[in-house]
Amino acid sequence: MKILLIEDEEDIRRIAAVSLSKLGGMTVLEAASGPEGITKARTELPDAILLDVMMPLIDGPATLQSLKNDPVTAKIPVIFLTAKAMDDELTRLKELGAAGVLVKPFDPVELPKQVESLLRLYSKGEVDG
Amino acid sequence: MLNSLKNQIDYDDSLAIKGKAVFASIYKLHGLLVDGETGIRGYLLTNDASFREPFDTAKREIREQSESLQTLVANNSEEYVLASALATLAKQKLALLDEMNFLIEQGALEEAIQIDLYQRGSGKAIMDEFRTKMRALLKEEERLSELRQKKGSDLRQALKQFLYVGLFADFFIALSLLVFFVKGITSRLQIMMDNTQRLAHGDKLNPPLKQIDEISQLDGVFHEMADELQAAATKQRAIIESMLVGVIITDDKGLIESANQAVEATFGYSRDELIGEPLLHLFPVLPGQDPESFIAGLRMKAEGHIYELKARRRDGALFPLELSMTEIETARGPRLLANVRDISERREVDRMKKEFVSIVSHELRTPLTSIRGSLTLLGSGAVGQMNDEALEMVAIAERNAVRLIALINDILDLERLESGKLDMHFAPVPLNNIIAASTEAVNALAAAQKVSIQQPESNAIVIADQERLIQVLVNLLSNAIKFSPEDSIVSVVVSETPGWTEVAVSDAGRGIPKASREAIFERFHQVEAGDARDKGGTGLGLAICKTIIEKHSGTIGVSSQPGEGSTFWFRIPTASSAIDWLDKLEIDQSASVLLVDDDLELLAVMQNELAKDGIKVTVAASVAEAIKQATQSKPQLMVLDIGLRDGEGFEIVEAFKQNAELKNLSMLVYTGRNLTSEQCARLHLGPTYFLTKAKATDKEFRSLVLGLLHHALKGQAAEQSHEDTAH
Chain A
8 MKILLIEDEE
18 DIRRIAAVSL
28 SKLGGMTVLE
38 AASGPEGITK
48 ARTELPDAIL
58 LDVMMPLIDG
68 PATLQSLKND
78 PVTAKIPVIF
88 LTAKAMDDEL
98 TRLKELGAAG
108 VLVKPFDPVE
118 LPKQVESLLR
128 LYSKGEVDG
Chain B
595 MLNSLKNQID
605 YDDSLAIKGK
615 AVFASIYKLH
625 GLLVDGETGI
635 RGYLLTNDAS
645 FREPFDTAKR
655 EIREQSESLQ
665 TLVANNSEEY
675 VLASALATLA
685 KQKLALLDEM
695 NFLIEQGALE
705 EAIQIDLYQR
715 GSGKAIMDEF
725 RTKMRALLKE
735 EERLSELRQK
745 KGSDLRQALK
755 QFLYVGLFAD
765 FFIALSLLVF
775 FVKGITSRLQ
785 IMMDNTQRLA
795 HGDKLNPPLK
805 QIDEISQLDG
815 VFHEMADELQ
825 AAATKQRAII
835 ESMLVGVIIT
845 DDKGLIESAN
855 QAVEATFGYS
865 RDELIGEPLL
875 HLFPVLPGQD
885 PESFIAGLRM
895 KAEGHIYELK
905 ARRRDGALFP
915 LELSMTEIET
925 ARGPRLLANV
935 RDISERREVD
945 RMKKEFVSIV
955 SHELRTPLTS
965 IRGSLTLLGS
975 GAVGQMNDEA
985 LEMVAIAERN
995 AVRLIALIND
1005 ILDLERLESG
1015 KLDMHFAPVP
1025 LNNIIAASTE
1035 AVNALAAAQK
1045 VSIQQPESNA
1055 IVIADQERLI
1065 QVLVNLLSNA
1075 IKFSPEDSIV
1085 SVVVSETPGW
1095 TEVAVSDAGR
1105 GIPKASREAI
1115 FERFHQVEAG
1125 DARDKGGTGL
1135 GLAICKTIIE
1145 KHSGTIGVSS
1155 QPGEGSTFWF
1165 RIPTASSAID
1175 WLDKLEIDQS
1185 ASVLLVDDDL
1195 ELLAVMQNEL
1205 AKDGIKVTVA
1215 ASVAEAIKQA
1225 TQSKPQLMVL
1235 DIGLRDGEGF
1245 EIVEAFKQNA
1255 ELKNLSMLVY
1265 TGRNLTSEQC
1275 ARLHLGPTYF
1285 LTKAKATDKE
1295 FRSLVLGLLH
1305 HALKGQAAEQ
1315 SHEDTAH
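From first to last, the protein sequence lines are chains A and B.
Taken in order, the first sequence gives residues 8 to 136; the numbers are from my numbering.
Taken in order, the second sequence gives residues 595 to 1321; the numbers are from my numbering.
Bear in mind the hints are in silico, worked out from the structure with no lab data behind them.
Treat the hints loosely; a few may be bogus.
As the list claims (entries may be wrong) - No farther apart than 20 Å at their CA atoms in a straight line, the calculated lysine to aspartate or glutamate pairs in the DMTMM-like style are these:
hint, chain 1, residue 1, chain 2, residue 2
1, A, K91, B, E1034
2, B, K685, B, D642
3, A, K91, B, D1007
4, A, K91, B, E957
5, A, K91, B, E736
6, A, K101, A, D66
7, B, K1145, B, D1004
8, B, K614, B, E704
9, B, K847, B, D821
10, A, K91, B, E1009
11, B, K622, B, D604
12, A, K91, B, E1245
13, A, K91, A, D15
14, B, K1044, B, E949
15, B, K622, B, E736
16, B, K1228, B, E1245
17, B, K847, B, E871
18, B, K1076, B, E1009
For reference, chain A alone in the conformation it holds in the complex (with noise of 0.2 Å):
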């Protein structure tokens, strides 16, 4: 599986980036920004996107909008990661047709799994819907 990483900070990045490579066997694609992940995502076509929402110019919500707005990005699943944990907040960026939200900080040893189970829930609902 293809995933793309985009987070600005780049310590949380690459801890992600090695628990879902070393732990999950997963391929991971690295963007620092939205603007960058947003081109990586349109020539790389990566099979799962993992958002942070907290980036400065372009946030993740921003970046979500301009990926289901490109007919060639859409249909990519984009888990959020954020550190507003607030029920309300997980509601909010569900509402703006993410796949999933994952709260900040995560356990790195759990990351793959809990990636692969939203995606997994994610694809159940889209074949049921």
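Keeping the supplied structure of chain A fixed, place chain B upon it in accordance with the hints.
Coordinates of chain B only, in the frame set by chain A:
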């Protein structure tokens, strides 16, 4: 003059004595001569010398006697002449008698007889002459004596008159002096009286009196006293003026009498603008608020303690103010002393401090999260195998990173709780749910410590933020488990009192020494220094619990017997459910209910409804009125609407919370508004119930009020008997 009169009288008296001496002297002289002659004759007849004795006496004394008489009358020439004549005659007579004596002694009796005959004949002339002169002298002396007597009486008369005149003069002089002095005294006393008035009004005193007497001395002392008072007052004024805290003194109606410089600086008004104005002038005015009820409300909240409220500056800007009030008794009646302090700066510093803590914590959390993540990955072997020692080091590093993150999370939690950034979602929650969720969360820990948890069944429903209350109970339970010996029991006990539900968690651990029992609820306080390391935990858990429970309008505490374990408990308000079991209740006739609603028609309806049951009802349509009524009638229950003429029901509740007599008042919140759970939590005094206006019938309203009243009276009675046993 008086003295000379007296001298004169004394002199005259001495003259009178002298007069008597003159008489005596004349008669003596005459007697001497007659006796001498008789003696000589006897000698002649008998030739017996013993008969001659009177003559011898006469011969011896006549000269002396004559001289004495002359001396006595020496200052009266007429008398002196007579006395001299008498002396001469006496001398002549004596010479004759002496001649006879000589003749008799010589035996020449014949010649002696001749002389005697001569004496009786022509010689008789000497004695006649003597007697004539003697009488003249006596007469003169008598005349003089009479004259003296008359003069004496004249003198006495004069003296008497003189004394009368003197007495009158004395009286007159005394009277004049009296008038003079009295006039001087009263005018000066008037000046002193005026001075006392001036002193009282703080005016300049009259200049000191110049005379040297007691009144002037008194005036001097008064001036000194006034100076000292002035100095003391100046000092006091200087102290009050220089105080950083604003000091306002008002009369008992709340009109400002004085204010210090800090007040001017705080509010932007000059003193002249403030004096005479109501204190209300310095605060935002709510509709319908009058100065008197404002003061009454303020006193209730701020008397004896520090109260915070919004105040208004001259330019209309609102700012947070700290206020405390004290009633002082003065000679001019009771006054209110208000201390005011602008705390906007302090608030700002507080805010910045908290913001700083918040930012620092966030900034720490991000790198710590990365550290932890990397360590977790390392430990998982995802990036290559390590030997056992390397794995141990990684585990230590990870464990400490976890602890640091937990600490930072707690600090952020506490900060958000205290700053109100963390929203509390209050709702009626079955206590059972909370206990079940909490025990489930600590089950693993309990199993690891070989401790079993005993939990009760409770059907209590509390007003709570479920997640936060679970956080509290989990914290208390995990503390209890951590400090419990192996194979012991941690028990949870629920008890209910009117309006309140108490949850207690007991362990059989080492207990908490008395000195620490309050401190453990403070930040970073642990009973023993090594607890954080040995037992885990940040030292903030109980501080967070305390803050959460306080947000629930509750209390938290601990009782403990060192060596035998501790019991941590918290108490929060019980929620009400529909009450329909109270239809038939006997209500005490002394029961009193306060109805607060701005809808006067509804007030009348409710009043009628309740009057049927013989309940004493007082009504109020405004915040101010409600506070006034409640203080007067001391009701057992208040039915409270939220929207009122001059404010909101919240203000009444806040005010009552500060009043010892009203803070546990039972309350029925009866409003058309949809209250948030947070608002509900704010509306708590004693047992508190909520009823939505549109949804309740009159009957439901009545039965609810009766039920609550019954509950309140029962609670009161229980408290009373409890107190009785306690004493």
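Right, here's what the structure says about each hint:
no.: 1; hint: K91(A) with E1034(B); result: 25 Å, violated
no.: 2; hint: K685(B) with D642(B); result: 25 Å, violated
no.: 3; hint: K91(A) with D1007(B); result: 13 Å, holds
no.: 4; hint: K91(A) with E957(B); result: 15 Å, holds
no.: 5; hint: K91(A) with E736(B); result: 152 Å, violated
no.: 6; hint: K101(A) with D66(A); result: 15 Å, holds
no.: 7; hint: K1145(B) with D1004(B); result: 17 Å, holds
no.: 8; hint: K614(B) with E704(B); result: 43 Å, violated
no.: 9; hint: K847(B) with D821(B); result: 33 Å, violated
no.: 10; hint: K91(A) with E1009(B); result: 16 Å, holds
no.: 11; hint: K622(B) with D604(B); result: 27 Å, violated
no.: 12; hint: K91(A) with E1245(B); result: 35 Å, violated
no.: 13; hint: K91(A) with D15(A); result: 16 Å, holds
no.: 14; hint: K1044(B) with E949(B); result: 42 Å, violated
no.: 15; hint: K622(B) with E736(B); result: 17 Å, holds
no.: 16; hint: K1228(B) with E1245(B); result: 18 Å, holds
no.: 17; hint: K847(B) with E871(B); result: 11 Å, holds
no.: 18; hint: K1076(B) with E1009(B); result: 26 Å, violated
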